[in-house]
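Take the sequences, apply the hints, and build the full model.
Chains as they are written, first to last, in the UniProt record's numbering: chain A, 1 to 346; chain B, 1 to 537.
No lab work stands behind these hints, which were simulated from the structure alone.
We treat Cβ as the ideally placed atom computed from N, Cα and C, and that holds for glycine.
Keep in mind that a hint or two might mislead.
What the hints assert, rightly or not - The calculated label-pair distances, taken between Cβ atoms and stated as ranges, are:
no. : chain 1 : residue 1 : chain 2 : residue 2 : range
1   : B       : Ser499    : A       : Gln235    : 34 to 40 Å
2   : A       : Gln254    : B       : Pro516    : 22 to 28 Å
3   : A       : Pro100    : B       : Leu389    : 56 to 62 Å
4   : A       : Ala142    : B       : Ala476    : 36 to 42 Å
To be verified - Stretch-level coverage of chain B by chain A, calculated; a stretch enters the list once three of its residues show a Cβ under 8 Å from a Cβ in chain A:
no. : segment
5   : 230-244
6   : 479-492
These are the residues of each chain, in order.
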Amino acid sequence: MSEHTPDQPSASPATSPAPASSAANTAQQRQRASQLAQALRLELQKALIGQAQVIDDVLTALIAGGHVLIEGVPGLGKTLLVRALAKCFGGEFSRIQFTPDLMPSDVTGHAVYDLQSEQFKLRKGPVFTNLLLADEINRAPAKTQAALLEVMQERQVTLEGRALVVPLPFMVLATQNPIEQEGTYPLPEAELDRFMLKLRMDYPQQDEEMLMVRQVTRSSKADMLEVAPLRTLLQGKDVQALQKIASDLPVDEQVLDYAVRLARATRSWPGFAIGAGPRASIALVRGSRARALLRGGDFVIPDDIKGCALAILRHRVRLSPELDIEGLSVDQVLQQLLDQVPAPRL
Amino acid sequence: MRLTEASVAIRPRSNWEAMDLGVLLARRHAGLLMASWALVTLPIFALLCLVFWDSPGIAMFVFWWLKPAYERLPLYILSNCLFGNTPTLKQALKAYPRLLKPQLLASLTWRRLSTTRSFDMPVMQLEGLSGTARSQRLAVLGHKNTGTATWLTVVGVHLEMALSLGLATLFYLMLPQQLELDWSWQSLIAPGQNDWMWLEHLSNGLYALLLIVWEPVYVACGFCLYLNRRTALEAWDIELVFRQLQQRLKGIAYALLLGAGLLFSQLPGTAMANPELKASSTSAELTSGPHLTPDPLGPHAERLQKQALSSQAAQQSITQLLDKPPFKNPETVTRWRLRDEADANKEEFTPDPDFLESLFSGLKTLGKLWESMETLARVFSVLLWAGLLALIAWVLWRYRDWLSTFTGRFGLPQRPHKLPPSQMFGLEVTPESLPDDICREVSQLWEHEPRAALSLLYRALLSRLLHDYKLALKSAHTESEVLQLVASLQQPSLEQFSSSLTLHWQNLAYGHRLPPATAKQSLCNSWRQLFEPGVEA
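Encoded structure:
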């Protein structure tokens with residue numbers, strides 16, 4: 001199910017001999033993990049005001065080991081969120097500003113001839129990091145976007161015929177702007193499918209915006225919130241431990257069935273031209289485990305699935321042309337679907 | 001038929017006014033009409049009742065079906081009354097068998113269900129037309145009146161129903177209570193026995209009675225519609241005015257003619273001549289009359305002949321001036337236009353009698369061909385309409401899923417679910433499917449099958465929410481969404497119970513954790529307090 005969960009049990013002390021004490025240990029560990037996740041959420045909420053839902057979803061993706069595509073009009077703090085996450089997370093962070101002339105080798109790295117040693121040396125690109133921010137990802141042409149395909153799915157980069165593993169945990173956070181279509185390249189389906197979640201950032205509420213304006217105008221920098229005062233809460237291995245704990249959360253058969261039914265429903269639903277693939281059901285279960293951990297629960301309930309279904313499904317389906325012309329959005333039709341697929345009972 | 005003796009004012013009326021006139025006419029001769037109707041129909045009704053005593057429905061139906069036969073009598077009476085010679089009851093009844101003969105079969109079979117019956121009847125009965133002549137005549141007459149006549153029949157149907165219901169209700173009100181009770185018991189105990197047959201016959205009789213009042217009015221309305229149409233078609237009102245004029249002036253017309261002749265013979269003598277002119281004029285001028293020669297002193301005589309500008313020259317220049325702008329602005333416009341078909345025909349038309357004859361015969365055959373074509377066309381139109389309807393039905397059926405998904409988008413009113421669903425989440429949630437004492441059942445199950453016990457309790461909660469609190473639960477609702485809906489009810493105790501039960505249920509169902517033993521008692525107690533306040537644990 002969670003094929004990216006690291007195998008190394010460095011952070012997981014669930015190897016105690018006695019099963020009873022192991023169960024207690026696991027429970028304790030879960031409790032700590034969920035406390036940690038909630039602390040991280042609080043910290044992020046300090047930096048990004050008024051986007052609690054988006055913060056939850058980003059944390060879901062982090063714990064589930066998926067990638068996130070964030071869409072929103074300019075000025076809503078997409079980049080700020082990623083920078084804040086990088087700040088709270090002690091691992092490496094690098095950022096690529098996607099431009100129309102960006103080449104695949106600018107992303108993955110390339111071989112350079114070294115005059116002194118008279119041989120080619122590999123120069124690793126910015127993808128060799130823990131947290132990768134792909135800013136305005138749709139501004140680069142398809143070949144550059146395709147440079148991310150391998151690393152996103154397999155966590156490795158093939159350079160000069162050698163497969164190089166990127167450091168774990170690895171997470172791509174891409175942003176894109178939905179209104180400017182001039183000079184952009186829409187993401188190919190294969191690329192979209194590799195993103196676990198696609199988040200929509202909306203304008204903040206009035207009181208939240210007032211709070212934000214108050215804080216930003218008080219800050220010393222011109223017009224942005226500072227992320228400097230944020231505490232570094234967790235390291236790379238802590239994230240891996242969180243991922244491990246989340247992947248161990250029990251999922252009842254009924255809940256699993258619900259996730260699969262949701263994903264399958266999109267394929268036969270009359271409003272969709274193209275439904276979601278099997279990656280959607282996988283992502284639904286992984287996302288729900290992460291959400292259960294964030295919630296502080298010990299097991300997955302159907303609400304966890306339903307809560308992240310919209311973000312997981314919205315970029316994997318394509319609206320049928322009639323509805324597109326009618327002006328219906330994918331979210332509306334998906335909401336209709338969620339309202340009609342029966343939730344599990346018994 | 002003499003229009004001057006008509007008892008109603010003959011003038012063109014609107015259709016509704018004509019029907020009003022019909023009501024008035026029926027009211028004026030109400031006694032005769034109703035008596036004759038009753039004398040004809042009531043014996044027939046009695047006979048039918050006797051014959052079909054066991055099945056009052058059939059008697060009623062046959063009586064109703066024979067209505068066109070009875071209607072001939074009121075029409076006869078009305079048509080005679082209109083021109084003054086009101087028949088006596090005896091005369092009318094004597095005339096009735098003779099009236100029945102023509103076209104009785106047609107009236108009682110294929111014309112029985114015609115909606116314009118009362119309007120068509122005078123054509124058959126008074127004009128004595130049948131077959132093609134009748135249908136042509138009806139086509140002429142019914143040009144604008146068919147709609148009104150149909151409405152008359154529709155109103156009549158409703159009036160008959162309303163009156164018969166009213167009479168039945170009145171009768172029911174008059175029943176003594178004991179009889180009514182007896183009746184109810186009888187119908188309850190032995191619904192098959194026909195002891196109460198006379199009641200049905202009685203209600204049939206009520207219908208026969210109300211027809212006495214309504215049918216003459218119906219016939220009179222149709223008759224007046226017919227009269228009105230003829231008044232308009234044959235200009236009866238104008239004819240009537242001329243007749244009155246003739247009658248009034250008959251006496252003095254000769255005197256007037258004589259006087260006029262005398263007056264005209266005197267005219268030449270009264271011409272006055274100018275005495276001066278008389279003196280200077282010749283005798284020839286006198287015989288030819290003074291008016292024939294131009295008056296030398298008149299406005300048209302030539303004057304100012306010695307002047308530089310004679311009157312004639314002035315006249316000419318004035319005429320020339322008047323022909324020029326701004327008095328006249330002649331302009332020539334040239335444009336293309338289609339050659340007029342009628343003109344072209346006229347030009348080519350040669351008054352050759354043979355050609356005319358052949359043309360007319362050709363037109364006649366064309367007309368006949370057209371008639372046969374019309375039948376074919378009707379068949380095709382029926383086929384095409386049927387095809388269109390079938391196509392629409394097929395499209396609706398074919399895309400029913402699509403339509404049902406997007407009905408909200410089309411703004412179609414979605415019928416709210418009146419009844420709560422009996423099955424939800426794959427569970428039986430009707431109150432009947434649950435055991436009477438839920439708590440006892442739960443307590444029994446708790447030790448051995450805790451999952452079944454909790455499931456029963458949760459199911460009972462959902463059932464109560466659905467039926468007692470009328471919550472609009474859907475299958476797609478998860479447990480927390482149900483909790484949110486419960487929170488919207490603003491009942492703290494119910495909310496608390498629901499959340500604790502949901503917690504235990506989720507722990508068991510999805511987390512596979514047994515609920516603590518203490519939960520049983522607290523849950524049962526809360527359930528009793530909430531839903532069974534009378535029973536103590």
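Subject >> Numbers of unmet hints, in rising order >> reply: Checked against the structure, the only hint that fails is number 5, while the rest are satisfied.
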